[in-house]
Structures are given as C-alpha cells and as structure tokens.
Amino acid sequence: DIQMSQSPSTLSASVGDRVTITCRASQTINKNLAWFQQKPGKAPKLLIYKASSLAGGVPSRFSGSGSGTEFSLSISSLQPDDFATYSCQQYQDYPVTFGRGTTLEIK
Amino acid sequence: EVQLVESGGGLVQPGGSLRLSCAASGFTLSDHYMDWVRQAPEKGLEWLGRTRNKARGYSTLYAASVRDRFIISRHDSENSLYLQMDSLKTEDTAVYYCARVTTSGDYALDYWGQGTLVTVSS
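Read top to bottom, the protein sequences are chains A and B. No gaps in the numbering here: position 68 of the first sequence is 68 in my numbering, and each next residue is one more. No gaps in the numbering here: position 35 of the second sequence is 35 in my numbering, and each next residue is one more.
Hints in this document: simulated from the structure, not taken from any laboratory. Please read all numbers here as calculations on a predicted model, not as lab measurements. Ideal Cβ positions, reconstructed from N, Cα and C, are used throughout, including at glycine. Treat the hints with care, since some could be wrong.
27 angstroms max Cα-Cα, derived DSSO-like pairs, lysine-lysine [claimed, not checked]: (1) A/Lys-45 to B/Lys-43; (2) B/Lys-89 to A/Lys-50; (3) A/Lys-45 to A/Lys-31; (4) A/Lys-39 to A/Lys-107; (5) A/Lys-107 to B/Lys-43; (6) A/Lys-107 to A/Lys-45; (7) A/Lys-42 to B/Lys-89; (8) B/Lys-89 to B/Lys-43; (9) A/Lys-107 to A/Lys-42; (10) A/Lys-50 to B/Lys-54; (11) B/Lys-43 to A/Lys-31; (12) A/Lys-31 to A/Lys-50; (13) A/Lys-39 to B/Lys-54; (14) A/Lys-50 to A/Lys-39; (15) A/Lys-31 to B/Lys-89; (16) B/Lys-43 to A/Lys-39.
The following label-pair restraints were derived from C-beta to C-beta distances [stated by the list, open to error]: (17) A/Asp-17 to B/Lys-54: 27 to 33 angstroms; (18) A/Pro-59 to B/Pro-14: 43 to 49 angstroms; (19) B/Ser-80 to A/Thr-103: 32 to 38 angstroms; (20) B/Asp-106 to A/Lys-39: 38 to 44 angstroms; (21) B/Gln-13 to A/Pro-80: 26 to 32 angstroms; (22) B/Asp-106 to A/Gln-3: 18 to 24 angstroms; (23) A/Pro-8 to B/Gly-15: 37 to 43 angstroms.
For the chain B half of the interface with chain A, some residues (derived, Cβ under 10 angstroms), not all of them [said to hold, decoys possible]: (24) Leu-4; (25) Ser-7; (26) Ala-23; (27) Val-37; (28) Gly-44; (29) Val-95; (30) Ser-104; (31) Ala-108; (32) Leu-109; (33) Gln-114; (34) Gly-115.
All chains, please: the whole structure from these sequences, using the hints.
Structure follows, in structure tokens:
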C-alpha cells in the first residue's frame, strides 16, 4: 500500500497568515493527489484534485503543488472559515489511501 | 444539485451485521464510480472500497481490512448504493461516508454524504 505522510500534524496560525501543509507519498503517485478540508461533524470537502487543480467553488487562496512523492497545500491569506482539518489522498493505486490529517488551529 | 444521503447506521453487537444505504440525487448514478470511506473517532479517513460504473461492469474493489466482511452493491435505477457489513468488530466503529468519484478522467472524490454513525459494542 502507498503510505501518505502529512506534516505538520497540527499548525497554529493567525488570520491573514500564509500557511503550507506537506504530504509525502511512499512511492511515486505522479499527480494523482487530492486535498480535502473537514470541519468537526462534517463530511470532507474536495479542495484540490490532480495535485494542483482547484475544485469548483473553492476560493483561489487555496493552491496545491507537487508531483511524484512530494506535495503541498498552501492557503495564501487565512480566513476564519479556514480553521479545519486538512487531509491528502492518493488515487494512483489501490487501495486509495489518506494522510492522517493536519489540524489548522487559531493561534 | 448533487446530494448523497447515508442511512442505516446504529448500534450493533460484535459479530453482528448492518446494511448502510446511500441515496443519490442530482446526477446519473450509473455514470459514476462510487466509494465508501469511514472515519473512526478522532482518526483519519479510511477508504473501504469502490464500485465501478455500468460501463466497467459494476466491478468492485475493497480494502484488505474489510474485503472478506463487507460487500458494496448498487441499484442505479433506484439511485442507491449499499454497504453490507458482516462479522462486525469493535474497531469498525466509525462514521461511514459514501462518496462520488468524478467522471472527468480523474478519480477524485468530488461529493460526499454527511455520514452515518456505526457503533459496534456489546
């Protein structure tokens, strides 16, 4: 199975900050990576697919980059609504696997 | 508007069975692969399996952790997806989500239901 390692596990930041979350795959996944945002008690929401494509309705302050084994999700200017948990997911191979998540909390 | 609504969760004893349903609306179910994903309390997301679309013969794939116990099925004419769970274990306690796989040539999960809670406990 392809292992997905996310860092950091927790990130403290302030409104207006730029933050970056990293996801590393245990083997190459080309650009077959998605990022999700999840709030407590809610379903995950697709933010980024194919490593860098913005999903419909997602604000442009979110961006994704990377290919192969190293990926990142950046939020250019944090808004209050952005404090949530972010997870990466690879769909290069079965089984589909997720990172353990990064909790973005208010500093 | 695309909507996915899970139902059927609840409390079940270890060794028991449960069948979850996912009602789909706002799109043509037969065009899409569909997944089941779960999330145990305070844990990350875990992919359980996939049913491919009509064009791919509705074939299924499973995670090793559930392969011999869970079965994914679908009834496109009723816009429904199912997850039959047998021989349940306490570690199967989780919120269970159905999710749609995009048809854009990619395999991202673009829509998710709100989830249904399954608690396995004596």
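Taking the hints in turn, this is what the structure says about them:
Proposed proximity of A/Lys-45 and B/Lys-43 is supported: the alpha carbons are some 17 angstroms apart, at most 27 angstroms. The suggested pairing of B/Lys-89 with A/Lys-50 is violated, with an alpha-carbon distance near 35 angstroms, which exceeds 27 angstroms. The suggested pairing of A/Lys-45 with A/Lys-31 holds, with an alpha-carbon distance near 19 angstroms, which does not exceed 27 angstroms. A C-alpha spacing of about 17 angstroms is found between A/Lys-39 and A/Lys-107, which places the hinted pair at or below 27 angstroms, so the restraint holds.
Between A/Lys-107 and B/Lys-43 the alpha-carbon distance is near 23 angstroms, which keeps this suggested pair within the 27 angstroms criterion. Between A/Lys-107 and A/Lys-45 the alpha-carbon distance is near 23 angstroms, which keeps this suggested pair within the 27 angstroms criterion. Distance hint between A/Lys-42 and B/Lys-89 is fulfilled; the C-alpha atoms sit about 24 angstroms from each other, no more than 27 angstroms. Between B/Lys-89 and B/Lys-43 the CA atoms are separated by roughly 17 angstroms; this keeps the pair inside 27 angstroms, and the hint holds.
Of the pairs offered as hints, the one joining A/Lys-107 and A/Lys-42 holds, with about 23 angstroms between alpha carbons and a cut-off of 27 angstroms not exceeded. For a cut-off of 27 angstroms, the pair hint linking A/Lys-50 to B/Lys-54 stands: about 24 angstroms separates their Cα positions. A distance of roughly 25 angstroms separates the Cα atoms of B/Lys-43 and A/Lys-31; the hinted pair therefore holds under the 27 angstroms criterion. Our distance criterion of 27 angstroms between C-alpha atoms is met by A/Lys-31 and A/Lys-50, whose separation comes to about 5 angstroms.
Between A/Lys-39 and B/Lys-54, the direct Cα distance comes to roughly 33 angstroms. Violation of the 27 angstroms bound is thereby established for this hinted pair. A distance of roughly 22 angstroms separates the Cα atoms of A/Lys-50 and A/Lys-39; the hinted pair therefore holds under the 27 angstroms criterion. Our distance criterion of 27 angstroms between C-alpha atoms is broken by A/Lys-31 and B/Lys-89, whose separation comes to about 35 angstroms. A distance of roughly 13 angstroms separates the Cα atoms of B/Lys-43 and A/Lys-39; the hinted pair therefore holds under the 27 angstroms criterion.
The hinted range of 27 to 33 angstroms is not satisfied by A/Asp-17 and B/Lys-54, whose Cβ atoms lie roughly 47 angstroms apart. In this structure the hint that A/Pro-59 and B/Pro-14 lie 43 to 49 angstroms apart at CB holds, the actual value being about 44 angstroms. For B/Ser-80 and A/Thr-103, the Cβ-Cβ distance of about 34 angstroms falls inside the hinted range of 32 to 38 angstroms, so the restraint holds. Between B/Asp-106 and A/Lys-39 the Cβ separation comes to about 24 angstroms, which falls outside the hinted range of 38 to 44 angstroms.
For the pair B/Gln-13 and A/Pro-80, the beta carbons lie near 43 angstroms from each other, so the given range of 26 to 32 angstroms is not met. At about 22 angstroms, the CB distance of B/Asp-106 to A/Gln-3 agrees with the hint of 18 to 24 angstroms. At about 40 angstroms, the beta-carbon gap between A/Pro-8 and B/Gly-15 stays in the expected band of 37 to 43 angstroms. With a least beta-carbon distance of about 9 angstroms to chain A, the hint placing B/Leu-4 at the interface is held under the 10 angstroms criterion.
Look at B/Ser-7: its Cβ only gets to about 14 angstroms from chain A, farther than 10 angstroms, so that hint breaks. Annotation: B/Ala-23 was flagged as interfacial toward chain A, and the flag is violated, the nearest CB pair being 15 angstroms apart, outside 10 angstroms. With a cut of 10 angstroms, the hint placing B/Val-37 at the interface with chain A holds, because the nearest CB-to-CB distance is about 8 angstroms. Evaluation of the B/Gly-44 hint against chain A yields a held restraint, the C-beta minimum of about 4 angstroms falling below 10 angstroms.
Satisfaction of the interface hint for B/Val-95 is found here, the shortest Cβ-Cβ separation to chain A being roughly 9 angstroms, below the 10 angstroms cut-off. Checking B/Ser-104 against chain A by beta carbon gives a least distance of about 8 angstroms; that is within 10 angstroms, so the hint holds. With a least beta-carbon distance of about 4 angstroms to chain A, the hint placing B/Ala-108 at the interface is held under the 10 angstroms criterion. Nearest Cβ of chain A to the Cβ of B/Leu-109: about 6 angstroms, under the 10 angstroms cut. The hint holds.
Interface hint at B/Gln-114: satisfied, since its Cβ lies 5 angstroms from the closest Cβ of chain A, which is below the 10 angstroms cut-off. Because the smallest distance between the Cβ of B/Gly-115 and any Cβ of chain A comes to about 6 angstroms, under 10 angstroms, the interface hint for this residue holds.
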